[in-house]
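K.L.:
Chains as they are written, first to last, in this note's numbering: chain A, 107 to 418; chain B, 327 to 866; chain C, 39 to 342.
No wet-lab data here; the hints were simulated from the structure. Certain hints may be false.
For lysine to any residue, the following SDA-like pairs were computed, each having C-alpha atoms within a straight-line distance of at most 20 Å [what the hints assert, rightly or not]: (1) A:132 to C:171; (2) A:132 to C:89; (3) A:161 to A:309; (4) C:243 to B:408; (5) B:477 to C:338; (6) B:499 to B:480; (7) C:243 to B:855; (8) C:243 to B:414.
What the simulated footprint calls covered on chain B by chain C, stretch by stretch (three residues with Cβ under 8 Å from a Cβ of chain C suffice, anywhere in the stretch; the number is not a length) [as the list claims (entries may be wrong)]: (9) 376-385; (10) 442-455; (11) 601-614; (12) 671-684.
Note that beta-carbon positions come from the ideal geometry of N, C-alpha and C, so glycine has one too.
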Amino acid sequence: MTDTKIRATPKPRSPLAWAAMLWADKLAFFAALFLLLALLSALLGPWLLGDLATKQNLRGRNAPPFDVTRGWAYVLGADALGRPLLARIVVAAQNTLMVAAGAVLGSAIIGSALGLVAGYSRRRAAQWIMRLGDVIMSFPSLLLAVIVLYMLEPSVANIVLVLAITRIPVYLRTTRAEVLEIRERMFVQAARVMGASDRRIVFRHILPVALPTLVTIATLDFAFVMLAESSLSFLGIGIQPPEITWGLMVAQGRQYLTTAWWLSFWPGLAIILTTLSLNLLSNWLRIVLDPAQRWRLEMKGRKNGRPSAGSL
Amino acid sequence: MADHLLEVCNLSVEFHTAAGTVRAVQNVSWHLDRGETLAILGESGSGKSVSASAVMNLIDMPPGRITGGRILLNGRDMLAMTAEQRRRINGCTIAMIFQDPLAHLNPVYSVGWQIAEMVTTHGGTRDTAQARARDLLARVGIPDPEAAMRKYPHQFSGGQRQRLMIAMALACKPDILIADEPTTALDVTVQAQVLDLLQELQAETGMGLLLITHDLGVVAEIADRVVVMNGGQIVETGDAAEVYRDPKHPYTRKLIDAAPGKGAMPDERDRTGQPLLRAEGLTKTYGAFRALKGVDLTIMPGETVAVVGESGSGKSTLARAILRLDDPDGGRILYRGEDLMAMAPRRLFGLRRDLQMVFQDPTQSLNPRMTVFQLISEAWVIHSDILPRARWRDRVAELLVKVGLSPDMAARYPHQFSGGQRQRIAIARALAMEPKLIVCDEAVSALDVSIQAQVIALLDGLRREFGLSYLFIAHDLPVVRDFADRVIVMKAGEIVEEGPVRRMFESPRHPYTRALLSASLDPDPAVQAARRAARHLETA
Amino acid sequence: MTSFIGKRALASGISLIGLVILVFFLSRLTGDPTNLYLPLDASIEAREQFRDMNGFNDPLIVQFGRYVADLVRGDFGQSLQQARPAMEVVLQAFAWTLWLAVITMTCVTVAAIVIGSLAAFRVGGIFDRLATFFSLVGASAPDFWLAIVAIVIFAVNLQWLPTSGTGTPWHWVLPVAVLFIRPFGLILQVVRGSMISVLSSAYVKTARAKGVRTRPIIFVHGLRNAMLPVITVIGDQAAAILNGAVVIETIFGFPGIGKLMIDSILLRDFSVVLASIMVSALAIFIMNMLIDIAYAMLDPRIRY
């Protein structure tokens with residue numbers, strides 16, 4: 107063979123190559139680190155700090171931050187009942203992330219499944235699914251959540267349910283658009299010529315190609331759902347005390363705004379940092395998963411690349 | 327040293343890519359004078375467009391970088407100029423047109439506006455610009471220029487769009503026109519018209535024309551001198567006719583030898599007995615468009631039938647209908663006497679393995695997320711009766727060798743291969759089914775000439791070895807000349823002429839077949855010059 | 039075009055009817071409003087009379103039939119809380135929200151387009167990195183938290199601006215500023231992404247070969263093409279505000295439709311809830327039509 111052609115490097119499959127590309131984008135690296143920390147808090151927080159976070163200490167009411175005389179747990183200050191804020195934030199990570207993860211997972215699975223059907227099948231069912239998506243989209247979602255949660259009781263399961271339903275159209279539309287495009291690609295036609303079944307075409311040929319887009323969207327949507335849950339909790343129709351989430355903590359601190367700003371400030375910061383990290387990571391994913399853009403990250407790890415050659 | 331109009335001296339450009347730094351061109355030198363046509367000839371990846379992009383200041387930096395050399399316009403070094411000076415030259419002194427004019431015209435502005443913008447950008451008033459745009463539209467042969475001014479690019483045909491690009495490029499009466507593959511996506515008859523127009527306009531204005539192409543035929547038709555590039559370097563340069571007659575460099579020789587349409591044509595075959603496949607009265611409409619208007623076709627066992635036609639002729643619809651990718655609206659398809667249209671799904675599934683397809687663009691027809699092993703063995707996953715799982719690995723290796731690849735490539739992904747290699751993988755995948763008939767839909771059109779010849783040789787060898795039949799869809803007659811037993815010419819959904827290949831090439835009967843043959847460009851400049859002279863006699 | 043509007047109106051009308059039915063029954067299930075409106079020591083007779091007067095004693099289906107019959111006559115019912123026609127209450131609140139949306143989205147659109155386009159022109163430059171980072175921060179910030187922080191800083195500590203209410207132009211500054219941040223971050227991202235792909239397109243290459251100056255390349259050749267995906271996001275964000283910037287309106291005591299809806303649900307002021315839904319659905323329908331018209335104006339390839 108004498109073909110003259112520039113060959114691209116193999117797809118990075120090893121964890122090491124992924125880590126190297128993560129390191130190449132410093133912001134994304136720290137975002138990933140922070141998310142890991144949040145995840146650990148969610149998994150281990152209630153188990154490690156559960157008691158400390160609920161221990162009332164009336165002498166330490168609204169204790170100011172950056173004072174470690176009471177112990178490291180009080181470094182961010184204490185709330186109106188003298189409970190250490192840092193410990194409470196760590197413990198609240200579990201509810202906050204669990205609700206978001208549940209809603210994203212639920213809506214992503216249902217939405218993409220419906221999207222696959224709507225995009226691949228030419229039957230009437232596809233039409234009905236799209237109409238359903240439009241109807242959900244035209245609902246004022248927050249209002250709906252308020253009514254539903256006011257009627258049912260605002261438990262974790264109900265909040266996950268309401269949030270999941272409102273996010274289904276996002277995945278439905280994206281998946282359908284992707285499927286409509288991928289379905290017409292030559293390799294799908296080639297599979298049809300070979301006599302591949304519809305199931306094989308959808309799961310072996312279409313879904314793997316659409317998956318990167320869906321993962322990127324889900325990362326972004328995780329941030330969105332977290333904000334929505336915080337808003338509900340803030341309005342008092344989300345998670346109810348004594349359970350805590352970051353949004354609820356902001357709401358609880360609101361009445362002490364003028365005297366003890368830290369009650370609302372720190373949990374809010376936790377929300378911002380988590381959603382920001384998710385956004386940064388999603389941006390990074392988009393570049394990594396796009397073969398035309400990936401060189402920007404791969405270049406930086408190498409010596410022959412110019413260090414200033416572009417960033418995000 | 328006498329100043330040339332445009333001179334590129336020892337230009338070197340490199341690009342940063344994922345695979346490391348690529349030297350796109352190294353020490354490239356050429357020059358262009360007033361009134362002459364210089365062609366830069368090369369295959370994909372040869373760096374033939376890079377020096378022109380450098381002249382137009384179109385190289386993105388980074389990732390690109392000019393590492394050395396000079397570009398002299400009337401003796402002044404353009405690389406030493408400010409960005410503003412370069413901008414004033416673009417369009418005004420040197421203009422450029424591109425391949426794929428639909429993508430290169432702004433979709434949201436009217437054609438008249440886009441042509442007039444060229445004039446206003448370089449200091450003309452709006453009124454003169456409008457008037458100039460109108461004149462130019464008339465000059466390049468757009469019907470009803472007044473109405474065309476207000477139309478948008480998507481409302482024109484492919485050939486008209488390239489005329490629009492030419493009109494725009496000439497708006498400021500440039501000294502130099504650079505044309506980057508200006509006719510590559512066009513049908514042969516339209517290609518001939520656009521090349522004619524370029525020659526006429528050059529004679530009128532005396533501009534220098536720099537033509538970048540992969541096509542020896544285009545060089546033969548239009549170029550005075552030629553620069554042959556390979557792997558980022560110039561391998562040969564000289565008078566176009568002389569280079570063709572007496573190529574010095576082995577690469578140039580290889581390129582000329584690979585040009586299709588020169589080999590011996592096969593003799594007529596005996597066509598009695600049961601046909602492998604027979605289509606009768608196929609029709610297909612898309613909305614108001616009638617893509618097939620009753621097409622009949624017969625393929626005998628071991629026979630290669632080529633279907634040739636321009637875009638919109640229905641040739642691809644025919645291929646898809648025969649494979650039942652798009653069911654035809656009417657007619658019958660008989661495979662060994664059984665009607666495919668009336669067949670039960672289960673029976674049809676069994677027949678799928680006998681009828682396989684190789685697509686135009688191997689980049690698109692191979693799933694990017696599957697390894698070569700998975701791609702080839704998918705045939706046996708779907709049709710589990712072909713081969714027991716234990717023998718898959720050996721058989722994949724065998725097939726890879728058969729199509730000229732090495733067995734250790736089985737673990738790689740498609741993007742790690744070149745275009746020609748990918749098409750070999752696609753052929754191996756089709757062979758895994760052990761088919762009787764392979765439909766090749768423009769299977770070699772996207773490949774470079776030298777690769778094209780190799781792939782056709784491969785298909786030819788397989789035909790002999792396995793007794794395969796081919797239905798070979800192509801838009802270009804010379805490609806099918808050495809390979810097909812029979813040729814069918816289609817136009818607007820109908821067959822206009824059909825016959826054995828030798829008869830079709832030596833004594834075409836239908837005027838359209840003759841037009842196709844005369845429009846396809848011969849790589850020999852002498853032949854093209856003779857044809858040109860004949861054409862002028864006809865019109866005179 | 040007319041048939042297109044007709045089709046869209048029909049689809050929206052059907053989903054609105056569904057929504058009204060759903061909300062009508064769901065909201066009645068939240069309980070009886072009587073106890074919220076009469077004093078604790080009101081007699082059983084008085085309570086019974088209140089229920090009778092408002093028709094809460096009839097079966098739900100009868101109440102619904104009456105509501106529909108009134109609707110047909112153009113009567114949207116009375117607000118329990120304000121003892122005024124519900125539609126009057128809603129329209130008054132909607133006017134406030136409409137102004138809030140218009141002012142905010144105008145600022146957002148202009149700022150996001152200019153900054154996003156300039157960022158896309160030099161990808162990876164210092165301006166691009168700053169714009170990208172801060173827009174990401176903006177898109178990540180919970181608006182209720184921003185509102186609280188803004189109140190602490192500008193209203194409580196610096197005392198430059200009022201904390202809540204309406205009246206002077208100064209009352210608008212904080213709500214608009216806080217509402218501005220999230221859509222700005224989101225739209226800037228879309229503008230930048232869309233602009234990057236447009237600027238690497240073939241027709242921009244042609245414009246460069248024509249010698250067109252940098253600014254017209256960005257704002258004439260690039261922007262009009264890049265606007266198509268941007269417009270969709272602008273529409274979504276504007277719809278979100280029109281649907282009720284509930285949190286912001288609540289925190290700043292802004293008498294908009296979002297606050298009205300929440301209050302009405304909590305106070306079981308059913309007629310007002312339903313009227314609000316219909317008004318905001320109509321507003322969003324009109325806005326979607328405007329978006330579609332803008333699409334067709336920007337891109338000659340689109341015909342309805």
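K.L.:
Decide, hint by hint, whether the structure agrees.
P.N.:
Structure-based check of each hint:
no.: 1; hint: A:132 to C:171; verdict: 12 Å, holds
no.: 2; hint: A:132 to C:89; verdict: 64 Å, violated
no.: 3; hint: A:161 to A:309; verdict: 51 Å, violated
no.: 4; hint: C:243 to B:408; verdict: 19 Å, holds
no.: 5; hint: B:477 to C:338; verdict: 9 Å, holds
no.: 6; hint: B:499 to B:480; verdict: 26 Å, violated
no.: 7; hint: C:243 to B:855; verdict: 35 Å, violated
no.: 8; hint: C:243 to B:414; verdict: 15 Å, holds
no.: 9; hint: 376-385; verdict: holds (count 3)
no.: 10; hint: 442-455; verdict: holds (count 4)
no.: 11; hint: 601-614; verdict: violated (count 0)
no.: 12; hint: 671-684; verdict: violated (count 0)
Consistency with the previously given hints fails for numbers 2, 3, 6, 7, 11 and 12, ordered from lowest to highest.
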